[in-house]
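*Asks:* Residue numbers (the numbering used here), protein chains in the order written: chain A, 260 to 480; chain B, 1354 to 1553.
The reader is advised that the hints may include incorrect statements.
If we take Cβ atoms under 8 Å as the criterion, some of the chain A residues that face chain B in the derived model are [as the list claims (entries may be wrong)]:
1) L262
2) G276
3) A338
4) L341
5) T343
6) P346
7) L479
Quick caveat, the hints were computed from the structure, so don't treat them as lab data. None of these values were measured; they are calculated from a predicted model. Built from N, CA and C at the ideal position, the CB exists for glycine as well.
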Amino acid sequence: MSLAWELLKRETALAWGRGGGPLVSAGFYLGVATLLPLAAGPEPARLAAVAPGVAWVTLALATLLGLDRLFERDYEDGALDLLTLSPLPLEFVCALKCLGQWLATGLPLALAAPITEIALGGSPALAPLVLISAMIGGLAFAFAGGIGAALSLGARRGGLLTAVIVLPLFTPPVIFGGGALDAFASGLPWGAGFVLLCAYATAAIALGPLAMAAACRNALS
Amino acid sequence: MMSALEIKELAISRGGRPLFQGLNLNLGAGQACALTGRNGSGKTSLLRAIAGLLSVDTGEIAFGGQDSDQARRTEIHLVGHADGLKSGQTARDELAFWTRWTGGNPSSMDSAIDRLDIRRLLDLEIRRLSAGQKRRLALARLLAAPRTLWLLDEPLSPLDSVWRTRFGEMMGDHLRSGGMIVAAIHDPLPIPAQVLEINP
Chain A
260 MSLAWELLKR ETALAWGRGG GPLVSAGFYL GVATLLPLAA GPEPARLAAV APGVAWVTLA
320 LATLLGLDRL FERDYEDGAL DLLTLSPLPL EFVCALKCLG QWLATGLPLA LAAPITEIAL
380 GGSPALAPLV LISAMIGGLA FAFAGGIGAA LSLGARRGGL LTAVIVLPLF TPPVIFGGGA
440 LDAFASGLPW GAGFVLLCAY ATAAIALGPL AMAAACRNAL S
Chain B
1354 MMSALEIKEL AISRGGRPLF QGLNLNLGAG QACALTGRNG SGKTSLLRAI AGLLSVDTGE
1414 IAFGGQDSDQ ARRTEIHLVG HADGLKSGQT ARDELAFWTR WTGGNPSSMD SAIDRLDIRR
1474 LLDLEIRRLS AGQKRRLALA RLLAAPRTLW LLDEPLSPLD SVWRTRFGEM MGDHLRSGGM
1534 IVAAIHDPLP IPAQVLEINP
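So here's chain B without its partners, still in its complex pose (with noise of 0.2 Å):
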């Protein structure tokens, strides 16, 4: 299990604008990062580059000495804008196959249908969903297949207060497991959080 994410001296452009430099983190089991910073800053950037999605200029992202592809493949949950849903896809198809891709089995899967209040809305196609629905099902990809590091872009932006206060409770839940988090947030995350801001 991945015990530490540890960034250092990070660099990152996007179309040959520098976003930001010299950019440090450390993060240990148990512990949230809530990413701040104005629109365009490098938030969703940075939680890319973690990912392996996006190549840095320069710097160091580690995983407590796991190595980085293997950790990449195995120990990362990652929630971007895109839900990765397809519209004409059920809930139930679509949830199935991302917990068995991401290591999940069926019963991790009904446990986090239960906790999403999702079981009414599997046999709809993702068309019919509302935004904050569709949000709901790809929270639950996180709780169907347990992943140490959570990568957490503008995750409660679609859901009601209620949904908020529920999510911040299984996040929560996942620090208490040893879990770690890392939020984009324009809000404020409803977990105590180390916060980074990014500035250009």
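Next up, chain A with everything else stripped away, as it sits in the complex (with noise of 0.2 Å):
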């Protein structure tokens, strides 16, 4: 277990040096935050009405900023190798690695969702859901798009390969999560949205890294 705590310091670290950190994620709301009201126009009703969708979109899209270099750089510069060879399966390393890149970046991003939200006028009552739902929809991105990650390894043009796959997996959580808080600003029963929301992460979770270890396998052979 110390040599996983171990992974996870190191991978939440370097995550943080490629694109995480709470500045990277304030930095990025607050450009939506600003850019927003001058594209769509500055009626509070209209900023209101589509904030926590705004808020959605943008973590999905800061989950890519990272996410082409999750695994490309440990695979470029021989790490990957050496992360094979240890006593801790590569399902789990890939896994620690995911959860790395979600603690320097998902959770950061997850804080600022619910502070973007309101300051697009957005209900602050709708401010706890927006919170929860980006630290669990933050999950699903980083496995799910770790998929895209180890599957783009060694692709010329990596980048955009792991955002061309990584998009279709980001749609269900984002209409699971952004219905869930349409729902519930309207009024109506959110749940289900939630649940469903919470079954994705957890597949993700569980079969991800499955995939992210035959892919790295896949890559280094």
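Need the complex rebuilt from these two chains, each delivered in its own frame; the hints are there to steer you.
*Replies:* So, in structure tokens, the structure goes:
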């Protein structure tokens, strides 16, 4: 377990360095909160209506920032070889890398999501659900995104390929999470969307590492 | 502890192109093998196949009766072309992590630091190190965590003559302690070793 802890600490630090951290997250959301009124118009009612959805889409896109380098750097500098020659199964190593990515990128983004939602005129009552769903959705993005990152290993323009692979995988959590927030804001039952979001995140956490490890082995060979 | 490396009738292809076939190698405790051959002949591929990173077409790689997966996870060190070092990390952080990852401890790491004379480099970021210094840091992993089989891909190439001699002494010590070494080389190894020339 200490070995897993060591790897998680290292991966979190490395993910922080390749595009994570609270400043990057805050900057990303600040950019969205600044640009959206310029593009969509400054009417508070209009901004408030789209605020939860915008926070979600921003979360999804911001997750892409460092995703293409999740495995690529390890692959290029030989660290992936060494990580494979360890007592921990490669599937577990992949899971820890995704968790580190989430801790460095997804969690700060999730913490910034309700602030953005309120800044855009959304209801403060919605903020707790925005936060929780963004945390769970961020996990889903990290683990589903890891599949795309692993599959694009060794490819030219791997970042573009990662985005092409990953965006369809990001669609369900955006629909479920955004749907739950819309339903809550409209006073409708929101539990179904939230439960589906949790189910998707669970499936991504359970199955994603298997696919990632297989893709990594394929790239290494 | 792994007692032998046995390779029988091994064949490997890359990209549909056969690299070699019918390759045999028997290595016992305290023995070394130097893999020679032209560029692209398959030396690196053989090392990666032994490490389990590359699938083989036919043949068998055995580790003296030990379970292959277990042997690869706990008994093999690999130093490849790429050193596995992160440019933004300090040498200390990198060595400490890989030492723990491969089963070493702070005491063995400290000893490795002295033998490779890298103590003054420890607080530098990897990007500040020369190629030779990076290689010494990578080689320190071998000493910081004892593992039986060293797989080395051109380990001497970035080292100057002094460090080639010193690393030769370290390889000799490893063999005397019952270890095994398989090294892909273009320059002669500074230790007695059986030579396996790989030809397509």
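*Asks:* For which of the previously enumerated hints does the structure constitute a violation, in increasing order of number?
*Replies:* Result: no hint breaks.
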